[in-house]
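Peer 1: The residues making up each chain are set out below.
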Amino acid sequence: MTDTPKRTPLYDLHVELGGKMVDFAGWEMPVQYPMGIMGEHNHTRAKAGLFDVSHMGQVILRGSDAASKLETLVPAALTTLKEGKARYTFFTNDEGGIMDDLIVANAGDHLFVVVNASMRDQDIPHMARHLDGIEVTEIFDRALIAVQGPAAEDVVAELCPAVREMSFMQTMVAEIIGVECRISRLGYTGEDGFEISIPEERAVEICRALLAHGDCEPVGLGARDSLRLEAGLCLYGNDIDNSTSPVEASLTWAMQKRRREDGGFPGAARIQRDLAQGTARKLVGIKPTGRAPARAGVEVQDLDGTAIGAITSGGFGPTVGAPVAMGYVATEFSTPGQKINLIIRGKAQPAEIVALPFVTQNYKR
Amino acid sequence: MTTYYSEEHEWLTVDGDIATIGITQHAADQLGEIVFVEQKEVGDDFEKGADIGVIESVKAASEIYAPVDGEVLEANGTLEENPGALNDSPEGDAWIYKIKLTNTDQLNDLMDLDGYKAFIG
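Top line first, the protein sequences correspond to chains A and B. Using the numbering used here, the letters of the first sequence map in sequence onto residues 18 to 382. Using the numbering used here, the letters of the second sequence map in sequence onto residues 109 to 229.
Careful, some of the hints might be misleading.
What the hints assert, rightly or not - Straight line, CA to CA, 27 Å or less: simulated DSSO-like cross-link-like pairs of lysine-lysine: (1) B/K206 - A/K364; (2) B/K148 - A/K364; (3) B/K208 - B/K156.
Since the hints were derived computationally from the structure, they do not count as laboratory data.
Could you build the full structure based on these sequences and the hints that come with them?
Peer 2: Pasting the structure below:
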């Protein structure tokens, strides 16, 4: 952990744009720009934000049966994933916990996989070890950016009109200012938008071209976190980890029927048991009644003062205009409307279980 | 009236044994957009260095440390409804407490404006 933080191909651009650089998972990344976290958050919800996510791991899996082999590590249906489509999934461990979450895209002659920055060093050897006969190649020479927000389509279409035809979770290769990029219509904000993988030597140029659009502003990791929290999207290491099963984490939607029934991935027995019998705890949305933000680690109690869970992500939600949080609570307390208390600095603060997400997801279906 | 500054980025404007205290513009800028302020109650007394409140920004929670010994005479109630005022006028309308000083000698440990400017560089 004493290694010098790594820099993405966009480092100099961040500094030029006034980005406040911090160490994140071993990478020097902008937490905010001069607009500030709240302004960047609101701008993304209203227009479009440009995010550098080059610290995430981009991986190519090549081999005739890559999809069926990868199915042995994740509970998503991949053999039926059509060319040009992407899917959210997670690596499970033998106990049915979550080792990391990821996006898998069917790129025709290969699978394109994106994993979390903090888990690259785990995930890539994990795939290399278990995907016998599949070539696992980590990509080091491409930047990854996200353009998110209701104006994202206009911003990207100005440089690549074909993106207007894409729907949510679709992926394609297309040229932006003459540079071949992989463009996927997805993201981590609850808004419409794209993630774009770009050869590193042209990344700054493409970002400048995107930022030249009047609706597009650079957005840092601070707003990325508040945007995803309002959208009810899990953060690996906070809301999901090796000890949480996908059923507890309310991620059953990401395990397609065939995989739930047939198993064939690590920890399938525990996950099938959770599906059949229910779980003792559940990941829920939590809305503090007052103004005090409840951050990760805050204890959740029932109204009698018995501990029933803990906050895993929490902060101020700029779009909601109030504090928002997610956390695990005992299942009998997980129904929306349930009143609970949050123990913030030793004092019980009233809160309520709410349905996720906090803001309506705005995807292009 | 004299204004003093602490290394914890608070200001105190002192009139006799009464002081108005708040955080500096520099502190507010560092914290980022402030969304919540937790204050002590009128009548609470405290010692120098004690935690006398919390300021939450979009980034994190930060404690307010007492720059001197004292007792809360008044807490600025407008901060509850409008915590963002701490970003706009932390050295003006968005003061945090009026306090009674119980050990005025401690003021000698604080900085004047020039000293504080040098401190924050």
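Peer 1: Holds or violated: B/K208 with B/K156, Cα cutoff 27 Å?
Peer 2: 13 Å, holds
Peer 1: Quick one, are B/K148 and A/K364 close enough, alpha carbons at most 27 Å?
Peer 2: 13 Å, holds
Peer 1: Checking one constraint from the list: CA of B/K206 to CA of A/K364, max 27 Å. Satisfied?
Peer 2: 24 Å, holds
In the structure shown, no violation is registered for any of the earlier numbered hints.
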